[in-house]
Amino acid sequence: MVDIAGEAFSQFTNLNITGEFRIQGVPIGPNTSPAGPTNSVQFNAGGGNFGGNANLSWDGSTLSVTGGVTASDFNGVILTTGGSASDFLNAQGNYVTAVTNPAGADTQLQFNDAGSFGANASLTWG
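Numbering that gives the first Met the number 0 numbers the first residue of the sequence shown as 0 and each following residue consecutively.
Don't read these hints as lab results, they were simulated from the structure. There is no bait here: all hints are sound.
Distance windows between CB atoms, simulated:
1) Gln91 x Asp112: 23 to 29 Å
2) Thr65 x Ala102: 48 to 54 Å
3) Thr37 x Thr17: 25 to 31 Å
4) Ser71 x Phe116: 35 to 41 Å
5) Thr65 x Val1: 53 to 59 Å
6) Phe49 x Gly114: 54 to 60 Å
7) Leu62 x Gly92: 21 to 27 Å
8) Gly47 x Gly92: 39 to 45 Å
9) Phe116 x Asn93: 21 to 27 Å
10) Phe49 x Asp2: 36 to 42 Å
11) Ser71 x Gly125: 47 to 53 Å
12) Asp58 x Ser85: 35 to 41 Å
Using N, Cα and C, we set each Cβ at its ideal position, and we do this for glycine too.
Make the full structure from the sequences, and use the hints.
Following this line, the structure appears as structure tokens:
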């Protein structure tokens, strides 16, 4: 601030506001208090207001979501539930057990025989 003589000065005080408060014509508020119950994650509820909901909460270590979750664009994500170590997730979203039974006898090399494992007694290793 500048006084009447043009000298700069500072004045610190408490400011109590009743009604609407504006900075450069933009209203600040009206809801500047957290919304929703304790630990609810805050979001923009529109109209310059905060929103909060018990179904989305953070306790400092755990994010809790109650209800459905919609998500998209998860290319490359590996799901960790629903299958076992020998399963893979196919393009239709189903877990399928990989068939890995070898063909032939001990020491016979494996090859693709029209989409199945094949072996031949004349083709061995070791």
